[in-house]
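Peer 1: Line order of the protein sequences matches chains G and Z.
Number 327 in our numbering belongs to position 327 of the first sequence; there are no gaps in the numbering.
Number 1097 in our numbering belongs to position 97 of the second sequence; there are no gaps in the numbering.
Think of the hints as simulated: they come from the structure by calculation, not from any bench.
Incorrect hints may have been included.
Away from chain Z, derived, C-beta distances all over 10 angstroms, residues of chain G [what the hints assert, rightly or not]: (1) 23; (2) 26; (3) 31; (4) 35; (5) 46; (6) 276; (7) 553.
Far from chain Z, some chain G residues (derived; all Cβ distances over 10 angstroms) [stated by the list, open to error]: (8) 6; (9) 9; (10) 60; (11) 63; (12) 74; (13) 171; (14) 320; (15) 686; (16) 750; (17) 820.
Simulated restraints on C-beta separations [said to hold, decoys possible]: (18) Z:1012 x G:395: 31 to 39 angstroms; (19) G:391 x Z:1099: 49 to 57 angstroms; (20) G:88 x Z:1038: 46 to 54 angstroms; (21) G:21 x Z:1012: 41 to 49 angstroms; (22) Z:1038 x G:452: 41 to 49 angstroms; (23) G:391 x Z:1038: 37 to 45 angstroms; (24) Z:1099 x G:88: 51 to 59 angstroms; (25) Z:1022 x G:459: 39 to 47 angstroms.
In this text the structure is predicted, and so the values were computed from the model without any measurement.
For glycine and all other residues, C-beta sits at the position ideal for the given N, C-alpha and C.
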Amino acid sequence: MGWMRGLWERVREMLQRERFEDELDEEIAFHLEREAERLMAAGLDPDFARAEARRRFGDVSRVREDARDVSGVPWLECALRDARLAVRVLRRSPGFAASAILTLGLGIGATSAIFSVVDSVLLEPLPYPDPDRLVRIVQQNSPENRWNISVADFLALEERQEVFESVAAYQVAGAALSGAGPPEQITVGRVTADWFRVLGVEPAEGRTFLEGEDRGGASPVVVLGSALRDRLLGPGADALGTRVLLDGVPHTVVGVLEPGRATLAGVAAEAWPVLRLETPPRRGPFTLRGLARLRVDRTLEDARTELDEISRAIFPLWVDTGFRDEQARMTPYRLEALVLGDVRADLWLIFGAVAGVLLIAVSNVGNLFLVRAAAREREMALRASLGATRVRLAAQLVVESLVVAGAGGLAGLLLAWTGLEALLRADLAIPRVEEIGLDGSVLVVVGAITLGSAVLFGLAPLVRSFSAGTGRTALRTDSLARDAQGWSRLRAGLVSAEFAVAFILTTGAGLLVASFVRLQSVDPGYDAADAVAVQLSLPAARYPAYEDVQLFWQDALRGISETPGVEASGLGAALPPAGSGSAGTNNFDLLDRPIGDGESEPASLWNLASPGFFAALRVPLLRGRIFDERDREGGEPVVVVSESWARRYYPDREVLGARLYAGGDRSVAMTVVGIVGDVKYLGLDGIDDAAVYEPHWQGPLRTAHVVVRGRDADALVERTRRQIGTLDPELPLTNIETMLERTADSLSRPRQWTILLSLFAGAGLLLACVGVYGVLSYYVRIQRKEIGIRVSLGAAPSTVRRLVIGRGMTLAAIGVAVGVGASIYVARWLRALVFGVSPTDPLALALVGAGLMAVAFVACALPAITASRIDPALTLKGD
Amino acid sequence: MSILRSELLRGTLDLMVLKTLTRGPEHGWAIGQAIRSGSGGVFEVNQGSLYPALQRMKRRGWLTAEWRLTEGNRRARFYTLTAAGRRQLDQEERAWGMTSAALDRLLRTT
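Chain Z on its own, in the form it takes in the complex (with noise of 0.2 angstroms):
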C-alpha cells in the first residue's frame, strides 16, 4: 500500500487528532504514530506539520498542554482534549460524514 504523502487538508488533520485523543492524553509524537497505525498505514502525517497545527488548536482552546514524564521517565508535552474540543470534534465529524455521504453519492450515480 502506497504511503500518501499528500497535503492533507487541514480540518481533516484536525479531526484525526482530536479523535486520537478522545482515548486519553497524548504526546505529539504518539499521535502521529495514532494516526499512523489507525487509518492502516494511509494517512502518514507530515511530521513537521503537526506540532503547528497542535499549537493552533491549543489557542482556539480545543486542547490543553502540559510537560509530564513519561514511562521512560522522559519530559514531554502531552495534549489533552477539552470539552470545546469534544464540541468540535463532534461537528467535525457530522461534517465529515455529509460531505463523504454526498461525494458517495454523486460517484454512484453517474
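Bound conformation, chain G alone (with noise of 0.2 angstroms):
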C-alpha cells in the first residue's frame, strides 16, 4: 500500500534526519557546482558564475527548509522538540516539577487502586451467566429472624416449585480428607446434583453430578477443586475415577473444576462431594441452605409468592412431628446482595475518600499550574510579538503539561499497582477478593481526568492574551504585581475548597479512629486471658446416633477436666466474639404471654453449652443455677438466660421458673432456672446481647468449640489434643486458638479500616496544606514591592507576617467552614459505620476545626517569615 511505504519512509527520514539533511547539502552544492560550471563555459568568470548559479537556484536555506517539512514527520518532531525542551525547563523548576508529579502520582494511583476494588466488587456481575437470577432461599418467620431449610422442605421445593428453572441445596462444612496423601481437615461445600446447573459452571474436566446421584442408595461422588486436585495427585493429573475418603466415606472423583473457580456463590470449598437426601422423618433440623435459578419469564416477586404457598401446605404435613411455627416461610433473596452483605457501605465510604483526595490533587496541580501560568504570561507575550504563532504556544504549552502529566501518571500507576498489592494482603474481609485486579478502563478514565485537568490549567498563559487582544500590557513590568483578581480568587477557591475536603476526611478517620477505641474498650462478657479453644466436628459416619455424639462429649469433658494444669473446662456451639454468621438464633413462645394470631414468635441467640462453659470462660453466675448432670435425668428440660434477655422480656417479673417452648415444638416446655452475665457473641460492637443456653445434651451437637481455662496455652492444647487423641486418634482438631487471639482478631478488621482511612485522610490534608502553602509562596513573591514599599513606611515585621498569614488562615477558615456543612450532611451515611459516637458531635467537629486551623498556621508560616524578611531596599529599587 503506497501510504505506507510513504510513512516508513517518513519515519526513516525521522530517525536518520542528521543524514538526510547532509545528504541533501551534498546534493545541492553538487548543483551549484555544476551550475556555476556551465556558466563559466558559457563565459561568465568563476565568481561571477558562482554567485549567479546560487541566484538562479533559489534561497539554498529556503530549499532546505522546504525538503524538511516535507519529510520527516513534522508534528511528531516538532512535538519531541517540545518535549526535551519541557524536560530542560522543568529540571530548572525542579519544586513546580516534584511537586505536581507527586500530586499526580498519589491522585491517580489512590483512586485507581481503590476504584478497582470498588469495581470488582460492587459493579462487576457476579461471574455466573445471567447473575441476577440467581437467589438463595432461606427460611424465616420474619425479616430478623432467618434460618435454613430442612431437607423435608427441599424435597418439597423440588416436587412442587414452578418458578424456578432448577434449585439446588447445599451446606458448609469441614471433613477430614484421607486415602490421597496425609489426612487433613479440609472445607467442602456438600451440594445437591443440580448445584453447578443453578450456577452455570462447567467443570474444566470430567463432569458434574447426574439426576439421581443426590439421593440416598447412589454411590457418592465428588467434583474437586482444582488446586486440591494439584494437592494430591500432582497438577494437571488425571483425577477422574480416582477415590478420595472424606469423613471416612469414600467418594469417586467425577469432574475437576476450572483453577478460577475455588468459590462459588460465596462458599470457598476445595471440594464439593454430593449431598445426599433421605426421606426425613421430621420437618426439621435445619441444616441445609438453598440457592435456585428462576426462569428467564418470571420475577423474584413471583418466586416469593410461590415459595409462599408452598410453605403454607406443607406445614400441617409435618405438624405431628414437632414443627409448630406456622408463619415459618421460604424466602428468596437476590444472591448478589447476600454475597456482599455488609461491605458496601464500607468500600463505597472508602471511594468517597479516596475521591476527595483526587479532588484536593487535581485542584493542587490545577494552582500549580496557574500560579507558573501568570509567571509565564511575560514569556508568552514576548514570543507572540516575534511571530510565535498562538497555536504554535498552544502547542508547547500543552506539551509541556503533557510531559508533567505523563511523569505524574506513571508514577500514579506504580502506587496503583503497589497499593492493589498491599490492600489485597490486608485482612479487609473483602468478598470477591479473587476477582479483584487491576482495571485497565479505570485507569484510563482516571488518568484521562487528571491530565485532561492538567493540560487544561497548562494552557492558562494564553487564555489572557486571548481574551486581552495584544500581549502588550503583559509586557509592563508591574503587570505581575496587579495580577488579574479572577485568577488569585479562583486560586484561593481552590485552596478552600481542598480545605473543605480535608476536613471531611479528617472527620470521617477521626470518627472510625474514636469509634475503634472505643471498641477496644468494650467488656466482652468473659475473660480472654488464660483461656485456649479447639474446634472439634464429629463426622456422621463413626457418630452415626445421637447416643454416640453424647457419649463422646461426656467422655471428652471428663478426660479434659481431670487434666492438670486445666482449671476449668466446657464446650459450646457458639463461642464469642464471633461475627453474626456462626450463632445459631431460635424462636420461643413464653407461656405465660404467649403471641397472638398473625404475630410472629421472637427469637434470640441459642446457644448449646455444657456446664462448665460459664467457668471455663468466667461468664458470671448472676441468679439462681447452671444446669448441671442431674438435670440430664428425667424432669423438665431447663435454660439458662443472659442478663439482656431477662431484661428484655421480663423487665418487671421474676424470670426464674420461666417456661417456654422452643423453635415451635409445643410437645415439650422448657424452664429457666438461672441467669448469666451478657457475652458479646455478635461481635464487640453488637447491640443485642440476648441469649438462650440449653444444656448441649438437649441437643444434637455435633462441632462444638471446647474452651479450657489454665496457665500454659500450648501445655493445655497439648493435653487436650492427648485427650481426645485417646479417645478418637482420627478426630483433627481444628480453629486452634487462645480466646486473647481470637478476641483481638475480631478487632482486626475495623482496625485495618480505620488505618485506611486515616492514611487516605492524612494525604488529604497534606495536601491540602502543600496547596496553602504554594498559593502563600507565591503571593508573598508577587507582592514583594508592596510589602517593600509597607516596610520602609515603618511596618514590623510582625504586621508583615500577620498580614501573610491572616490571609492564608482566612482561605483556611472558609474551607472549615464549608467542610463542616458538608461532614453534616455526610454524617447519614457515616452513621452506620461508627460505634459508640455521633457523627455530628460537636466537639468532635470542633476539635477536627481547630486542628486543621493549626495545621494551616504551620503552612502559612514560612512564607510569612519570608515576607517579614523582605527587604525593602532591593525589592524598591525594581524588578
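Join these two chains into a complex; the hints should help.
Peer 2: Following this line, the structure appears as C-alpha cells:
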C-alpha cells in the first residue's frame, strides 16, 4: 500500500535526520558546482558564475527548509523537540515539577486502586451467566429471624415449584480428607445434583453430577477444586475415577473445576461432594441452604409468592412431628445481596475518601500550573510579539503539561499497582477478593481526568492573551503585581475547597479512630486471658446415633477436666466474639405471654453449652443456677438466660421459673433456672446481647468449641489433644487459638479500615497544606514590592507576618466552615459505620476544625517569615 | 523567447521528471538541464523546487536514489525510474493528453 510505504519512508527520514540533511547539502553543493561550471563555459568569470548559479537556484536555506518540512513526521518531531525543551525547563524548577508529579501520582494511583476494588466487588456482576436470576432461599418467620431450610423443605420445593429453572441445596462443612496423601481437614461444600447447573458452571474436566446421584442409595461422588487436585495428585494429573475418603466415606471423583472457580456463590470450598438426601422422618433439622435460578420469564416477586404457598401447603404435613411454627416461610433473596453483605457501605466510604483526595490533588496541580502561568505570561507575550503563532505556543504549553502529567501518570500507575497488592494482603474481609485486579479501563478514565485537567491548566497563560487581544499589556514590568483578580480568586477558592474536603476526610477518619478505641474497651462478657479454644467436629459416619455423640462429649469433658493444669473446661456451639454468621438463633414462645394470632414468635441467640462452659469463660452467674448433670435424668428440660434477655422479656417480673416453648415445638416446655452475664457473641460492637443457653445434651451437637482455662496455653492444647486422641485418634482439632487471639482477631477488620481511611485523610490534609503553602509563597513573591513599601514606611516584621498569615488562615477558615456543613450532611452515611460516637458530635467537629487551622498555621509560617524578612532596599530598586 | 519562470503545476513537474528519467538514471542537476533543453528553453525549472519534488516522488516509490560517481569522479545522487514510476508516467501522459485535447477543442470552437 502506497501510503504505508510513504509513512515508513517518513519515519526513516525522521530517525536519520542528520544523515538526511547532510546528503541534501551535498546534493545542493554538487548542483551549484555544475551550474557554475556551465555558466563559466558560457563565458562568465568564475566568481560571477558561482554567484549567478546561487542566485538562479533560489534561497538555499529555504530549499533546505522546504525539503525538511515535507520530510519526516513534522508534527511528531516538533512535539519531541518541545518535550526535550520542556524537560530542560522543568529541571530548572524542580520544586514545581516534583510537587506536580507527586500530587498527580498520588491522586491517580490511589483512586485507580480503590476504584478497581469497588468496580470488581460492587459494580461487576457475579461471574455466572445471568447472575441476577440467582436467588438464595432461606427460611424465616420475620425478616429479622432467618434460618436454614431442611431436607423436607427442599424435597417439597423440588417437587412443587414451577418458578425456578433449577434448584439446589448446599451445606458448608469441614471434612477429614484421607486416602490420597496425609490426612487433613478441609472445607467442603456438600451440594445436591443441580448445584453446578443452577450456577451455570462447567467443569474443566469430567462432568458434574447426574440426576439421582443426590439420593440415598447412589454411590457417593465428588467434584474437586483444581487446587486440591494439584495438591493431592500432582498438577494437571488425571483425577477422574480416583477415590478420596471424606470423613471416612469413599467418594469417586467425577470432575475437576477450573482454577478460577474456587469460590462458588460465596462459598470457598476445596471439594464439592454430593449431598445425599434421605426421606426425612421430621420437618427439621434445618441444616441446608437453598440456591436456585429463576426462569427467564419470572420475577423475584413470583418466587416469593410461590414459596409462600409451598410453605403453607407443607406445614400441615409435618405438624404432628413437632414443628409448630406456622409463620415460617421459605423466602428468596438475590444472591448478590447476600454475598456482598455489609461491605458495601465500607467500600463506598473509602471510595468517597479517595475521590476527595483526587479532588484535592487535581486542584493542587491546577494551582501549581496557574501560579506558573502567571509567571510565564510575559514570556508568552514576548514570543507572540516575535512572531510565534498562538497555535505554536499552545502546542508547546500542552506538551509541557503532558510531560509533567505523563510522569505523574507513571508514578500513579506504580502506586496503584503496589497499593492494590497491599490492599489485597491486608485483612479487610472483602468478598469476591479473588476477582479483584487492576482494571485497565479504570486507569484510563482516571488518568484521562487528571491529565485532562493538567493540560487545561497548562494553557492558562494563553487564555488571558486570547481575551486581552494584544499581549502588550503583559509586557509591562508591573503586570505581575496587578495580577488579575479573577485568577487569584480562583486560586484562593481552590485552596479553600481543599480545606473543606480535608475537613470531611479528617472528620471521617477521626470518627473511625474514636469508634475503634471505644470498641477496644468494650467488655466482652468473658475473661479472655488464660483460656484456649479448639473446635471439634464429629462425622456422622463414625458417630451415627445421637447417643454416640453424647457419649463422646461426656468422656471428652471428663477427661479434660481431670487433666492437671486445667482450672475449668466446657464446650459450646457458639463461641464469642464470633461474627454474626456462626451463632445460631431460635424462636420461642413464653408460656405466660404467648403470641397472638398472626404475630411472629420472638427469637434470640441460642447456644448449646456444657455446664463447665460458663466457668471456662468466666461468665458470671448472676442469679439462680447453671444446669448440671442432675437435670439430665428425666424431669423437665431447663435453660439459662442472659441478663439482657431477662431484662427484655421479664423487665418487671421474676424470670426464674418462667417457661417457654422453643423452635415451635409445643410438645415440651423448658424452664428458666438461671441468669448469667451478657456475652458479646455478635462481635464487640454487637448491640443485642440476649441469649438463651440449653444444655448440650438437649440437642444434637456435632460441632462444638471446647474451651479450656489454665495457665500454659501450649501445654493445655497438647493435653487436650492427647485426651481427644485417646478417645478418637482420627479426630482432628481445628481452629486452635487462645481466647486473647480470638478477641483480637475480631478487631482486626475495623482496625484495618480505620488505618486505611486515616491514611487517605492524612494524604488529603498534607496536600491541602501544600496547596496553601504554595499559594502563599507565590503571593509573597508577587507582592514583594508592596510589602517592601510597607516596611519602608515603618511596618514592623510582625505586622507583615500577620498580614500573610491572616490571608492564609482566612482561606483555611472558609474551607473549614464549608467542611463543617458538608460533614453534617454526610453524617447520615457515616452513622452506620461508627460505634459509640455520634457523627455530628459538636466537640469532635470543633476539634477537627481547630486541628486543621493549627496545621494551616504551620503551613503559613514559612511564607510569613520570608515576607517579614523582605529588604525594602532590594525590592524597591526595581524589577 | 522569454523564459517562463511561472509556478509550474506540481503535476507537470512530476511528468517532466519522470519522462526525463526514461532515458536512464540521472542526477538532479542533469534532470533540470534536460527539462530546459528538452522543452526548447520554455520551461526553466525553479531549481530549488526540484529537490523537494524528487524527494516526494522517491517517497511515493516512483524513483529510487543512490549515490554514484560521475564521469568527473565526483559524488552525486542518481535517480532511477521504477516500474511504479513508469506506470505513473503512462497515467500522467494520458491525463495530460486528455486535458490538452479538451482545452484545444474549447479554444478552437469559440
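Peer 1: Just pull the numbers of the violated hints for me, sorted ascending.
Peer 2: 1, 2, 3, 4, 8, 9, 10, 11, 19, 21, 22 and 25
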